[in-house]
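J.: Residues per chain, in single letters:
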Amino acid sequence: MAASDRVEPVSPRLARSDRASGRLPWMLVLPALAGLAFLVLPLAGLLIRAPWPTLVRRLAEPQVLEALRLSLVCATVATAVCLLLGVPLAWLLARVDFPARRVVRALVTVPLVLPPVVGGVALLLVLGRRGLVGQWLEASFGVSLPFTTAGVIVAEAFVAMPFLVVSVEGALRAADQRFEEAAATLGASRWTAFRRVTLPLIMPGVVAGAVLCWARALGEFGATITFAGNFPGTTRTMPLAVYLALETEPEAAIVLSLVLLAVSVVILASLRDRWVSAA
Amino acid sequence: MFSRLSRWTLALPVALALALSGCGSGAPAASTSAGSAAAGEGAKEVTVFAAASLTGTFTELGKAFEAAHPGTAVKLNFGSSATLAQQIVQGAPADVFASASPATMKTVADASLASSPTTFVRNKLRIAVPADNPAGVDELKDLADPAVKVALCAEQVPCGAAARKALDAARLKVTPVTLEQDVKATLTKVELGEVDAALVYATDVIAAAGKVKGVAFPEADQAINDYPIATLAEAPAGPLAQRFVDLVLSQQGRDVLAKAGFEAP
Numbered sequence: 001m002a003a004s005d006r007v008e009p010v011s012p013r014l015a016r017s018d019r020a021s022g023r024l025p026w027m028l029v030l031p032a033l034a035g036l037a038f039l040v041l042p043l044a045g046l047l048i049r050a051p052w053p054t055l056v057r058r059l060a061e062p063q064v065l066e067a068l069r070l071s072l073v074c075a076t077v078a079t080a081v082c083l084l085l086g087v088p089l090a091w092l093l094a095r096v097d098f099p100a101r102r103v104v105r106a107l108v109t110v111p112l113v114l115p116p117v118v119g120g121v122a123l124l125l126v127l128g129r130r131g132l133v134g135q136w137l138e139a140s141f142g143v144s145l146p147f148t149t150a151g152v153i154v155a156e157a158f159v160a161m162p163f164l165v166v167s168v169e170g171a172l173r174a175a176d177q178r179f180e181e182a183a184a185t186l187g188a189s190r191w192t193a194f195r196r197v198t199l200p201l202i203m204p205g206v207v208a209g210a211v212l213c214w215a216r217a218l219g220e221f222g223a224t225i226t227f228a229g230n231f232p233g234t235t236r237t238m239p240l241a242v243y244l245a246l247e248t249e250p251e252a253a254i255v256l257s258l259v260l261l262a263v264s265v266v267i268l269a270s271l272r273d274r275w276v277s278a279a
Numbered sequence: 001m002f003s004r005l006s007r008w009t010l011a012l013p014v015a016l017a018l019a020l021s022g023c024g025s026g027a028p029a030a031s032t033s034a035g036s037a038a039a040g041e042g043a044k045e046v047t048v049f050a051a052a053s054l055t056g057t058f059t060e061l062g063k064a065f066e067a068a069h070p071g072t073a074v075k076l077n078f079g080s081s082a083t084l085a086q087q088i089v090q091g092a093p094a095d096v097f098a099s100a101s102p103a104t105m106k107t108v109a110d111a112s113l114a115s116s117p118t119t120f121v122r123n124k125l126r127i128a129v130p131a132d133n134p135a136g137v138d139e140l141k142d143l144a145d146p147a148v149k150v151a152l153c154a155e156q157v158p159c160g161a162a163a164r165k166a167l168d169a170a171r172l173k174v175t176p177v178t179l180e181q182d183v184k185a186t187l188t189k190v191e192l193g194e195v196d197a198a199l200v201y202a203t204d205v206i207a208a209a210g211k212v213k214g215v216a217f218p219e220a221d222q223a224i225n226d227y228p229i230a231t232l233a234e235a236p237a238g239p240l241a242q243r244f245v246d247l248v249l250s251q252q253g254r255d256v257l258a259k260a261g262f263e264a265p
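Protein chains in written order, with this note's numbering: chain D, 1 to 279; chain B, 1 to 265.
Hints may contain errors.
Beta-carbon label-pair distances, calculated as ranges [unchecked claim]:
(1) D:A60 - B:E234: 34 to 44 Å
(2) D:L261 - B:P70: 48 to 58 Å
(3) B:G71 - D:Q63: 47 to 57 Å
(4) B:D110 - D:L59: 19 to 29 Å
(5) B:D168 - D:P62: 21 to 31 Å
(6) B:P70 - D:Q63: 50 to 60 Å
(7) B:D110 - D:W136: 50 to 60 Å
(8) D:L33 - B:D168: 53 to 63 Å
(9) B:A144 - D:L33: 53 to 63 Å
(10) B:P70 - D:L132: 48 to 58 Å
(11) B:D110 - D:Q63: 50 to 60 Å
Because the hints were derived from the structure by calculation, they are not lab data. Each residue gets a CB set at the ideal place from its N, CA and C atoms; glycine is no exception.
All chains should be built: construct the whole structure from the sequences, respecting the hints.
T.: Right under this line is the structure:
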């Protein structure tokens, strides 16, 4: 029911009735425009100050492409990790009644609240060379996460996963549980019901969560530089390159930011079109 | 559940609008009071932008200044020198700028916002190693060993530029595992034992005494960092700004800075 309600606004019936009433409610439109301006004006600031004449030369620098490639790869792998771990976690929170569920739900959002740099230090304390788990990882497998590309992915996944979990849990709570119950009466196991009924039902929520998660991972700075460090080619992602460029060459930082923005806007817009038309 | 959700989404923009209008009416009031104070019997507030490595010493000096000038308040803003310089050039209302490098001071001076900067201290590099020194580092040459994990500051920030100079002077090729964004981040990696050694300032080693050990090395003399201080052209505090600089340059100021490991210029 809820799912079908949500696709209603795009139906022609509603659009017509909206036009018939004629007037847009200013109580909504004014704050909406103010909100839009608030979000877009800083971007305009970047565009105005961008060093257009040297833009192409700066973009062709190998370090820029290297950082961009690293950013895209890491954000994508981190999103995949978040999907693998985060969707089941959201299911657990939404569908399984266990003690202290509220506390667990609050804990899941900790990375949202924690300043990312603190998150990075926390990761070091656990997964670092002398960390609780990291010590054992290095002794047993010779694996050390800090200062590696894998470390970047860990940091990004840590910071971005709550976005996915919160979105998917919301979708699960809005989805009608009777479909799952019907599947169960027809003999489906809970796993089959999840895979064949629930997951397709909440797909828009999963996609929205994954997009948010990817965008957050792409822009991740604090936890990455703290946990994974900053070295060109292995851990220097675009946000790190932007920050360092800002120290000496603000123009270069603007160019790098614009590249990151342009790439993410293109990818997000094309994904969205694809999924909205598919729905 | 759905209707409750939509009620919330409605309430949010309204709350935001209220908050915005609240900010709008609050901000001018605050600036007028600051303006009248500046116009009146001398300002009572000095805003000091200082390099992150001065956090401890300038906090102490700020308190000393407030004690010596009853009724005044010293507002301290610590950060990366380059970031602070950018903020000043973009119009941040600062009275005094104490920077960790002549280059960042030059950014401000080039915008004719600072006049006649004075070098007030110098800072030397040290090798910082974890308290148990797992890699047995005792001279600069040890950092070139591929088995030793080294953290350096990025060359864009003053401690990184100094590290590069020192390593060049020693003709050493060091491949660090990370190039950190500031000296405190570099030091953190040593404190946590993630790296075996790092090049940081002598003052940072003293500030982290107990958690890291410092190793002095002769090549550090090739890469001494000068710290300039200047009052800013548009200082809202007027003459009070110069008095703060005078305190930093006084014997009292020098004592505080020397205790933290800074060297006299």
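J.: Indicate, hint by hint, whether the structure satisfies it.
T.: Right, here's what the structure says about each hint:
1. In this structure the hint that D:A60 and B:E234 lie 34 to 44 Å apart at CB holds, the actual value being about 40 Å.
2. A beta carbon spacing of about 51 Å between D:L261 and B:P70 agrees with the range 48 to 58 Å that was offered as a hint.
3. Remark: the range hint 47 to 57 Å for B:G71 to D:Q63 is upheld by a beta-carbon distance near 52 Å.
4. For the pair B:D110 and D:L59, the beta carbons lie near 27 Å from each other, so the given range of 19 to 29 Å is met.
5. A C-beta distance of roughly 23 Å is found between B:D168 and D:P62, which places it inside the suggested range of 21 to 31 Å.
6. Look at B:P70 against D:Q63: about 54 Å separates their beta carbons, and that is inside 50 to 60 Å.
7. Against the hinted window of 50 to 60 Å, the Cβ-Cβ separation of B:D110 and D:W136 comes to about 53 Å, which satisfies the hint.
8. In this structure the hint that D:L33 and B:D168 lie 53 to 63 Å apart at CB holds, the actual value being about 55 Å.
9. At roughly 59 Å, the beta carbons of B:A144 and D:L33 sit within the given window of 53 to 63 Å.
10. At about 51 Å, the CB distance of B:P70 to D:L132 agrees with the hint of 48 to 58 Å.
11. The hinted window of 50 to 60 Å between B:D110 and D:Q63 is violated, with their beta carbons roughly 27 Å apart.
Violated hint for the displayed structure: number 11, the only one.
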